[in-house]
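Please model the entire structure based on the sequences and the hints provided.
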Amino acid sequence: MSEVIWGLATSHVPSIGAAMDRGMTQEPVWKPLFDGYRPAREWLAQHKPDVAVLVYNDHANGIDLDIVPTFGIGTADRYSVADEGFGRRPVPDVVGDPDLSLHLLQNLMDEGFDLTVFQELNVDHGFTVPLSIWTPEPGEAWPCPVVPLLVNVIQYPQPTAARCYALGQALGRALASYEAPARSASWAPAACPTSSPGRAPGSSTRRSTTCSSTRSRTTRRSSPRSPARTSSARPAPRASS
Amino acid sequence: MSSESALAPPKTYVFDGAASRQGYRMNKLFMTLRDPAAREEFLADEAAYCERFGLSEAQTKAVLGRDWQAMLDLGGSIFYVYKLAMMDGLSMQYLGGVFTGMSEADFKAAMLAGGRTDV
Chain V
1 MSEVIWGLAT SHVPSIGAAM DRGMTQEPVW KPLFDGYRPA REWLAQHKPD VAVLVYNDHA
61 NGIDLDIVPT FGIGTADRYS VADEGFGRRP VPDVVGDPDL SLHLLQNLMD EGFDLTVFQE
121 LNVDHGFTVP LSIWTPEPGE AWPCPVVPLL VNVIQYPQPT AARCYALGQA LGRALASYEA
181 PARSASWAPA ACPTSSPGRA PGSSTRRSTT CSSTRSRTTR RSSPRSPART SSARPAPRAS
241 S
Chain Z
242 MSSESALAPP KTYVFDGAAS RQGYRMNKLF MTLRDPAARE EFLADEAAYC ERFGLSEAQT
302 KAVLGRDWQA MLDLGGSIFY VYKLAMMDGL SMQYLGGVFT GMSEADFKAA MLAGGRTDV
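Chains V and Z supply the protein sequences, listed in that same order. For the first sequence, my numbering assigns the number 1 to the initial residue and increments by one for each residue that follows. For the second sequence, my numbering assigns the number 242 to the initial residue and increments by one for each residue that follows.
The set of hints was computed from the structure by calculation and includes no laboratory data. Positions of the beta carbon are idealized from the N, C-alpha and C atoms, including for glycine. Hints are supplied without guarantee of correctness; some may be wrong.
[Stated by the list, open to error] Computed beta-carbon distance windows for the label pairs:
{"no.": "1", "chain 1": "V", "residue 1": "A162", "chain 2": "Z", "residue 2": "E345", "range": "38 to 44 Å"}
{"no.": "2", "chain 1": "Z", "residue 1": "E287", "chain 2": "V", "residue 2": "V29", "range": "32 to 38 Å"}
{"no.": "3", "chain 1": "V", "residue 1": "V117", "chain 2": "Z", "residue 2": "G295", "range": "29 to 35 Å"}
{"no.": "4", "chain 1": "Z", "residue 1": "K269", "chain 2": "V", "residue 2": "W30", "range": "31 to 37 Å"}
{"no.": "5", "chain 1": "V", "residue 1": "P28", "chain 2": "Z", "residue 2": "S344", "range": "17 to 23 Å"}
{"no.": "6", "chain 1": "Z", "residue 1": "G342", "chain 2": "V", "residue 2": "V117", "range": "43 to 49 Å"}
{"no.": "7", "chain 1": "V", "residue 1": "E137", "chain 2": "Z", "residue 2": "D276", "range": "27 to 33 Å"}
{"no.": "8", "chain 1": "V", "residue 1": "E137", "chain 2": "Z", "residue 2": "G342", "range": "40 to 46 Å"}
{"no.": "9", "chain 1": "Z", "residue 1": "E282", "chain 2": "V", "residue 2": "R41", "range": "41 to 47 Å"}
{"no.": "10", "chain 1": "V", "residue 1": "G87", "chain 2": "Z", "residue 2": "E287", "range": "21 to 27 Å"}
{"no.": "11", "chain 1": "Z", "residue 1": "R293", "chain 2": "V", "residue 2": "P28", "range": "43 to 49 Å"}
{"no.": "12", "chain 1": "V", "residue 1": "E179", "chain 2": "Z", "residue 2": "D329", "range": "48 to 54 Å"}
[Claimed, not checked] Over the 10 Å line for every Cβ pair with chain Z, so calculated as not near, a few chain V residues:
{"no.": "13", "residue": "R38"}
{"no.": "14", "residue": "P39"}
{"no.": "15", "residue": "A76"}
{"no.": "16", "residue": "D93"}
{"no.": "17", "residue": "T116"}
{"no.": "18", "residue": "E120"}
{"no.": "19", "residue": "E137"}
{"no.": "20", "residue": "Y165"}
{"no.": "21", "residue": "G172"}
{"no.": "22", "residue": "S177"}
Okay, here's the thing in structure tokens:
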């Protein structure tokens, strides 16, 4: 059975990744944000999961407007980092976990969530920025495999908050029932809409920074009949809001 | 933009199904600009590139004239329009300034000062 060991919620605005990639994190405008991440990072570094699930939205990089899936899941063993038009971020490609993906797909479909399946997916800043916040210096590879779970926020109507909440609950149940072969699993939802500039002259040019992210660990149980441990994530370290 | 959108916050755009239908070809053009070869091709003859993608006359005019506001009015999604801006070396803050009638520097300063609080 699997256990959720943590959740991370963070903004994923691309400028956060750019600030890290360009060594600007200690500049006055950025320092407060990155100082805010520090306690979460220290805690997370000591609680390494075996796998993460990252809930996010694409921004016209992995998907265009031909098809707009409301919910989707990646089932690949590898996801390339997208070139969003200014060169790809200097971060590693993402190793997936197809076995967990297919387990989640089956269980979530059984619960009534009709997921679009991605066998190929380029992941953009919505995906890599949360990973960077967790692991600022990944080196050659991210700490563990990651499963992408996509939520449309690009084109209205988007799924309701109630539906997203229900999906998160179903995801928790699906993870709890996962029996990984000799390894643990963890998960990290991180969905974050970035609102766009509006109409002049009275436009709202805010960027929403709400983003949620969670992860967990799968631990092997001695008895397969042992009751599924409810994946009640520990209090999520709050990285930013 | 659809005035019949179920969600109609004041003074902002909702990129809904109607907007996506209206801007489909233009957004599709913008999507291709991720590819360096496509950017070269576009820059070599922008009008021909627009024609190939079947943009309307108004959309073509907006793209050729870099009329960012018109692109939004004609169904552009900011995430797609931004790809054209990036190709031109412009930032999201620059676009924010265009959409709010400010210079890029003023827009940045306004954001650092806390952004808008009246909406």
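Tested hints:
no., hint, result
1, A162/V x E345/Z: 38 to 44 Å, "39 Å, holds"
2, E287/Z x V29/V: 32 to 38 Å, "35 Å, holds"
3, V117/V x G295/Z: 29 to 35 Å, "30 Å, holds"
4, K269/Z x W30/V: 31 to 37 Å, "35 Å, holds"
5, P28/V x S344/Z: 17 to 23 Å, "21 Å, holds"
6, G342/Z x V117/V: 43 to 49 Å, "45 Å, holds"
7, E137/V x D276/Z: 27 to 33 Å, "30 Å, holds"
8, E137/V x G342/Z: 40 to 46 Å, "41 Å, holds"
9, E282/Z x R41/V: 41 to 47 Å, "43 Å, holds"
10, G87/V x E287/Z: 21 to 27 Å, "23 Å, holds"
11, R293/Z x P28/V: 43 to 49 Å, "47 Å, holds"
12, E179/V x D329/Z: 48 to 54 Å, "52 Å, holds"
13, R38, "22 Å, holds"
14, P39, "25 Å, holds"
15, A76, "20 Å, holds"
16, D93, "17 Å, holds"
17, T116, "17 Å, holds"
18, E120, "15 Å, holds"
19, E137, "26 Å, holds"
20, Y165, "19 Å, holds"
21, G172, "29 Å, holds"
22, S177, "36 Å, holds"
Hint compliance for this structure: every hint is met.
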